[in-house]
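Here my numbering is used: the sequence shown runs in plain steps of one and ends on residue 285.
Everything labelled a hint here was simulated from the structure, so no lab data went into it.
DSS-like cross-link-like pairs, simulated, lysine-lysine; straight-line CA separation at most 27 Å:
1. Lys147 / Lys185
2. Lys194 / Lys228
3. Lys147 / Lys130
4. Lys185 / Lys219
5. Lys228 / Lys185
6. Lys194 / Lys219
7. Lys147 / Lys126
8. Lys147 / Lys219
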Amino acid sequence: MLTAYSTSSGALYISQARAAALRALEIDEKSPEAHTAMALILQNYDWNWQGSEREYRRAIDLNPNNVTAHHWYAEHLMWLGRFDEALAESERARQLDPLSLIIAADNGAILYFSRQYDRAIEQFRKVLEKDPSFNRAGIVIYSYVEKGMFSEALAQVEVSPHHVYGEGPWYWSTLAYIYGRAGQKERARRELEKLEPLNHRQQADPVSMMWAHLGLEDKNEALADLEKAYSDHFSVMSTLKVDPALDPLRSDPRFQDLLRRVGLADSATGNVSQNPKASSNGNPQ
1 MLTAYSTSSG ALYISQARAA ALRALEIDEK SPEAHTAMAL ILQNYDWNWQ GSEREYRRAI
61 DLNPNNVTAH HWYAEHLMWL GRFDEALAES ERARQLDPLS LIIAADNGAI LYFSRQYDRA
121 IEQFRKVLEK DPSFNRAGIV IYSYVEKGMF SEALAQVEVS PHHVYGEGPW YWSTLAYIYG
181 RAGQKERARR ELEKLEPLNH RQQADPVSMM WAHLGLEDKN EALADLEKAY SDHFSVMSTL
241 KVDPALDPLR SDPRFQDLLR RVGLADSATG NVSQNPKASS NGNPQ
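Sequences are here, hints too, so could you generate the full structure?
Spelled out as structure tokens, the structure:
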């Protein structure tokens, strides 16, 4: 999980994670926790979607009440665009642990990635009412952007823990993305200019650069950022099939090639519309 929460290269931690999961399975092949850990490794680093699903299902077979297995399997299904199944697994996780904020926030993520923006915003707000500093719910920002609610998106950035503890790459890149999507290109460029010196010193991760370039509609640079993220196994690669923010890139052959390389091309995972549109209430048309 360190890769996702620190926006670091998967290569930094995966060898230790894999060794620990394999050792756990050697000790007890019937450990649902070990199978769940292996499922996440196969998913996020190997992009072995079929193997990952087998591990999640094995974990759930071993213990149908294993909340983490249901929770992470819901996310797995989300990345594949199997949203109805994802929501069902998310609901099962919620029933098992009704007070979990991360399960509630990830339910909002499923709604966001399935283009149900109003429902996503409602869900994220419920989480933030309980804990305003709960970082995962901060991705409500991207639902606001898709709805054109740019003031709300900017307000959420200002209360994000990423900003409260000091400005940095995430803060600048997110502002660049919001300002760019709002049509304020000069303000977006000013935020990008804060990132570029860090990028030259290799202190800015490619994902932060990608969001800034997406805001400025610089497709070539955004695709170059994704290529770097692919090389270093950043967790953003799991989002390629479903993230609406990436829709402007979908028609480019380079993006389609990335989808193929991470096993998320339509032929491998089932067809999902490459440019779904949402109505004003956030429901797919």
